[in-house]
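Student: Work from the hints to combine the two standalone chains into their complex.
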Amino acid sequence: MYAILLFLLLTSNCFADVFVVYNPTTKEVDSLSSIDDAVVPQGFDKKVIKGNVEDYYSQADAKDFKFNDNKLTLNAKKITDRALAKEDRENKKSADRRSAIDKLKTLGLKDAEIDALLGR
Amino acid sequence: MLRIILALLMLTGIANAEWDANIPLTGDNLTDFPTDNQENLDRLELVLREYPKGITISYSSASTLVASTGGVVCSDSGGTTKKFRGNTSTTNITFSDIDTGAEASSTTYYVYATCDAVATTASFKVSTSSSAPSGITSYKRIGSFINDSSSNITASSITNDSQWIGHTFGTASSKSVNSAYQATTDGIVYGYNYCDNTGTLTIYSDANASPSTTIGIAACSSSTTSLYIPYSYPVKKGNYYKVSSSGTNVYGSSVNFMPMGS
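Chains A and B, in that order, give the protein sequences. According to the working numbering, the first sequence is numbered sequentially starting from 1. According to the working numbering, the second sequence is numbered sequentially starting from 1001.
Next up, chain B with everything else stripped away, as it sits in the complex (with noise of 0.2 Å):
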């Protein structure tokens, strides 16, 4: 009877994939310990035959994303408990998959995997926290993308935390003076001020649509004439931004966005 239950405590150890800091446990005797390490091996190779790779996200189409192939480890909001996954094919994640609510338009989600069912596999939930997915107590965020104002998902806004550093800039754009654009993207704001006399070029940008919040500014004296004055500055993913000329003064100047890419 005995070794049925420990069977069963066995199998359910490495169905739940929980890892076990306290391992060996106080308790352990000699017939106890490899079982209790051999369980947490278990659960550690289910990360390990993954890695390196950690589980991604990409476009698959308006509506749907592809999570790869890879390791996770989900972890409660208090990381206490570490849950390892690893995932051999490929999962769609489509806004079935939302934490809570329906789906938006010109909205920024993220995608977390999840490991609350018992399971060697991780699941996914979208949500438009960037911190926890509502109702789900083991997760990991692992990417975002923006909803654009069609209500689809924009290709270029995906994002991989796992994959942030390394990034390269991506392909610059022209964009319209006085004009309000949203960033599918952390990018680079950038371009020049034709002007002089008082002609001022004031960079706005926050989560509003009509941004605000001045982030930098362009200007010519009063004493120059057609003079170009370059302008960079940084904006976040999600956030809009837009690029105002004031006075007369101003003769021409350019807008450019330079997204990060991957």
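The shape of chain A in the complex, shown without the other chains (with noise of 0.2 Å):
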């Protein structure tokens, strides 16, 4: 009796419902939503299926996923592409700021008034 109340605790968020709302063509989420809440955008389809929404959400934002053969999954190649965006929009980043120091630093500022003007 135990082991079914047990079973039944573990495995009751598998039970609720997850809206899909996704590109039939590209197959790219949109929304994933406990309730049937979201707006579907025209040309985009809306499908429920078992499960606990905030497992996905915990991993990546609803639009990270793909939804094929009423499964999601992780948009590795999107979330990959943006990683490394992020970091070239820092590193670029970086070097402008050295770039300006050097520059600064040849009209004779001195460092303390670099980081006044910069910030550090």
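Hints were generated in silico from the structure; no laboratory data involved. These numbers were taken from a predicted model, which means no experiment stands behind them. Ideal Cβ positions, reconstructed from N, Cα and C, are used throughout, including at glycine. Just to be clear, a hint being listed does not mean it is correct.
Using 20 Å as the maximum straight-line C-alpha spacing, the simulated DMTMM-like pairs for lysine to aspartate or glutamate come out as follows [what the hints assert, rightly or not]: (1) A:Lys50 to A:Asp69; (2) B:Lys1236 to A:Asp36; (3) A:Lys63 to A:Asp45; (4) A:Lys66 to A:Asp55; (5) A:Lys77 to A:Asp64; (6) B:Lys1237 to A:Asp36; (7) A:Lys71 to A:Asp55; (8) A:Lys71 to A:Asp17; (9) A:Lys46 to B:Asp1148; (10) B:Lys1237 to B:Asp1186; (11) B:Lys1082 to B:Glu1018; (12) A:Lys47 to B:Asp1148.
Output of the computed footprint for chain A on chain B, the stretches with three or more beta carbons under 8 Å from beta carbons of chain A [as the list claims (entries may be wrong)]: (13) 1149 to 1159; (14) 1174 to 1180.
Tutor: Okay, here's the thing in structure tokens:
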């Protein structure tokens, strides 16, 4: 009896609904929700699958998933591309800062003055 | 003959269960006064026996609500006539009780107890009007719900007007950036913007499925790097909300909706 109750307790989330709004052509997900409250954009479809929506959001945003054969899978390329783009922007920003510091030094500014100007 | 007429008037008065604020009447004599007074007491009894519980609505199925037992005081639009009703058994409410027109999807409906019929119990109407059901003289709004895009009653959207005070927050759930949602209850949309430079989240909410009214902004400034900017804004039940990101400097963000529960 206790084993059954424990099983039901552990698996109760599996019986919740996840409302998936996705593009049927690209399979890219637009929205995940635990209730039927999402607006379905034109050209998109809505499907209901079993699961806990918070399990997906704990991994990534809804738009980082693909919906194939009634299953949600992470779009690893999209996540990697975004991380690389962020890294590129941060590297460029650091390079611009170093360049600015060098130029300011040639103008005769001291380190403290450059820090005051650019911020640390 | 006079007694028969008087008896008929008394019965009609009780059956109508209409409170008469003018009792005792100026023309009452020692015989009329206790009779008139008793009529009002009988009407009052209908409500008092059910109090402190008013009639409330709850979910039964995708197409049916249940009105509980309880008391209700209906009124006309001018508030001049009060009618008391005491329901001692539950009543199913469906879209056959709609006041006018046909059932519509993605619509907020209001539930009214109605007291036009000569009875000691209230009937019910479903209406898109938040102020008065069409074709009804004596009524009391008792709650509301959302009929979703599939024309199913959304259980979590059911609100009882009389139980608003004392409501607590329900369970928050995650939503997606750049997608629109309809609030099934009053609630708070909240989250954070993980951004730098001009990375901006704009929070929109209004009655349109593609909301365009800005209710808030969570933005980084040009000199900031990888900051978390929190936001939280109230959203009205039935309205749509959307959190949109702009620029390439939003690296990650969260959207959550915390409903008002019961």
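Student: Now tell me, hint by hint, if it's right for this structure.
Tutor: These are the hints, each one checked on the structure:
{"no.": "1", "hint": "A:Lys50 to A:Asp69", "verdict": "13 Å, holds"}
{"no.": "2", "hint": "B:Lys1236 to A:Asp36", "verdict": "17 Å, holds"}
{"no.": "3", "hint": "A:Lys63 to A:Asp45", "verdict": "14 Å, holds"}
{"no.": "4", "hint": "A:Lys66 to A:Asp55", "verdict": "15 Å, holds"}
{"no.": "5", "hint": "A:Lys77 to A:Asp64", "verdict": "9 Å, holds"}
{"no.": "6", "hint": "B:Lys1237 to A:Asp36", "verdict": "14 Å, holds"}
{"no.": "7", "hint": "A:Lys71 to A:Asp55", "verdict": "13 Å, holds"}
{"no.": "8", "hint": "A:Lys71 to A:Asp17", "verdict": "13 Å, holds"}
{"no.": "9", "hint": "A:Lys46 to B:Asp1148", "verdict": "13 Å, holds"}
{"no.": "10", "hint": "B:Lys1237 to B:Asp1186", "verdict": "4 Å, holds"}
{"no.": "11", "hint": "B:Lys1082 to B:Glu1018", "verdict": "6 Å, holds"}
{"no.": "12", "hint": "A:Lys47 to B:Asp1148", "verdict": "15 Å, holds"}
{"no.": "13", "hint": "1149 to 1159", "verdict": "holds (count 5)"}
{"no.": "14", "hint": "1174 to 1180", "verdict": "holds (count 7)"}
Going through the hint list in order, the structure satisfies each hint without exception.
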